[in-house]
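Using the sequences and the accompanying hints, generate a full structural model.
There are 2 protein chains.
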Amino acid sequence: MEKIMNTNYRSVNENSSVFDAVKIMNENRLYGLIVKDNEGKDVGLISERSIIKRFIPRNKKPDEVQIKYVMRKPIPKVPSSYDVRDAAAYLSENGLERCAVVDSTGKVVGIITLTDLSRYLSRASIVDVLLSHRTKDYKHLCPKCGVGVLVPVYDQKGEIKVFRCSNPACDYEE
Amino acid sequence: MEKIMNTNYRSVNENSSVFDAVKIMNENRLYGLIVKDNEGKDVGLISERSIIKRFIPRNKKPDEVQIKYVMRKPIPKVPSSYDVRDAAAYLSENGLERCAVVDSTGKVVGIITLTDLSRYLSRASIVDVLLSHRTKDYKHLCPKCGVGVLVPVYDQKGEIKVFRCSNPACDYEE
Chain A
63 MEKIMNTNYR
73 SVNENSSVFD
83 AVKIMNENRL
93 YGLIVKDNEG
103 KDVGLISERS
113 IIKRFIPRNK
123 KPDEVQIKYV
133 MRKPIPKVPS
143 SYDVRDAAAY
153 LSENGLERCA
163 VVDSTGKVVG
173 IITLTDLSRY
183 LSRASIVDVL
193 LSHRTKDYKH
203 LCPKCGVGVL
213 VPVYDQKGEI
223 KVFRCSNPAC
233 DYEE
Chain B
63 MEKIMNTNYR
73 SVNENSSVFD
83 AVKIMNENRL
93 YGLIVKDNEG
103 KDVGLISERS
113 IIKRFIPRNK
123 KPDEVQIKYV
133 MRKPIPKVPS
143 SYDVRDAAAY
153 LSENGLERCA
163 VVDSTGKVVG
173 IITLTDLSRY
183 LSRASIVDVL
193 LSHRTKDYKH
203 LCPKCGVGVL
213 VPVYDQKGEI
223 KVFRCSNPAC
233 DYEE
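From first to last, the protein sequence lines stand for chains A and B.
Just so we're aligned, residue 63 is where the first sequence starts under this note's numbering, counting upward by one.
Just so we're aligned, residue 63 is where the second sequence starts under this note's numbering, counting upward by one.
Please note that the accuracy of each hint is not assured.
As the list claims (entries may be wrong) - For lysine-lysine, the following DSSO-like pairs were computed, each having C-alpha atoms within a straight-line distance of at most 30 Å:
1) Lys85/B with Lys139/A
2) Lys103/B with Lys223/B
3) Lys198/B with Lys139/A
4) Lys219/B with Lys223/A
5) Lys98/B with Lys198/A
6) Lys198/B with Lys98/A
7) Lys169/B with Lys123/A
As the list claims (entries may be wrong) - Far from chain A, by Cβ distances over 12 Å, these chain B residues were calculated:
8) Ser73
9) Ser79
10) Lys98
11) Gly102
12) Asp104
13) Pro119
14) Lys130
15) Ile137
16) Asp145
17) Arg147
18) Glu155
19) Gly168
20) Thr175
21) Leu203
22) Pro230
Source of the hints: derived by calculation from the structure; they are not laboratory data.
C-beta: ideal position from N, C-alpha, C; glycine also.
Following this line, the structure appears as structure tokens:
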């Protein structure tokens, strides 16, 4: 995985706005960024798809919404010891186009994408893996109970007002 | 191309908001939509990438910006008579992940994506084609002079105030 992954990734703080994160994406032609908390811990991943799914439906200005409410979390990741097929399976099963690669201590050391992996897969696998990205959705696990998934709650206009935990025993919202 | 393309595409009116277009995308898991004007003419294509590139940097609410200012235009398209390799070359040269397929009268009959095409390409071509999407940018030709391309003009905060034609002899802005 070390040879394939992109080690030239960029990070943003989870309190940065969508506006600032997209500026970094556009200026560097990087369409996925690692998100860190104030202690420098890797806490999530922001991508084009997460902005389309979790930011636009809130109907707010990009500088009004912090990345922590939009990012994929917990951070989708594979160990650097995974082989190409394991990593492709992980992305495919989770409906992801990219994820972090972590070393044995859990530290992010790179980002891997379907495009990177497609160099090393058979033709049949490439197609399976690429198509999975269209049909599956990444599930946001509740950071409080760890059991439910975060589901959007809409108002009459169709705007997302809040994401709520699907576990009836949990009251988490964001 | 008829066999490969997705004929189950959706359209939006160019005066629809980004908010409404993304609602259609998310509900249908379609990440590209054909854009029509009030006469029903196909005038553009909206995608995740165009929203990241041309909407977020304006720093407005999604229901405040019309799709016509964000979409790729003129509509990127290939004739249905193209073979797979020609279509892949067109997408690759223009930094596109998808484009419209038009019949001999110019009418849109489907949408084709890199993923669709990858089923039919050699492994080497797949990688070339997929990687092109990361490194190239789609150029928005000026709809007034047809010579310049639309380039963003930023204010001090880094927000896009307007897109202006690069041709010094043309005064088009949007």
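Taking the hints in turn, this is what the structure says about them:
no.	hint	result
1	Lys85/B with Lys139/A	holds (28 Å)
2	Lys103/B with Lys223/B	holds (28 Å)
3	Lys198/B with Lys139/A	holds (27 Å)
4	Lys219/B with Lys223/A	holds (28 Å)
5	Lys98/B with Lys198/A	holds (28 Å)
6	Lys198/B with Lys98/A	holds (28 Å)
7	Lys169/B with Lys123/A	violated (36 Å)
8	Ser73	holds (18 Å)
9	Ser79	violated (9 Å)
10	Lys98	holds (21 Å)
11	Gly102	holds (25 Å)
12	Asp104	holds (22 Å)
13	Pro119	violated (7 Å)
14	Lys130	holds (17 Å)
15	Ile137	holds (20 Å)
16	Asp145	holds (18 Å)
17	Arg147	holds (15 Å)
18	Glu155	holds (17 Å)
19	Gly168	holds (28 Å)
20	Thr175	violated (9 Å)
21	Leu203	holds (20 Å)
22	Pro230	holds (25 Å)
Of the numbered hints stated above, those contradicted by the structure are hints 7, 9, 13 and 20, listed in ascending order.
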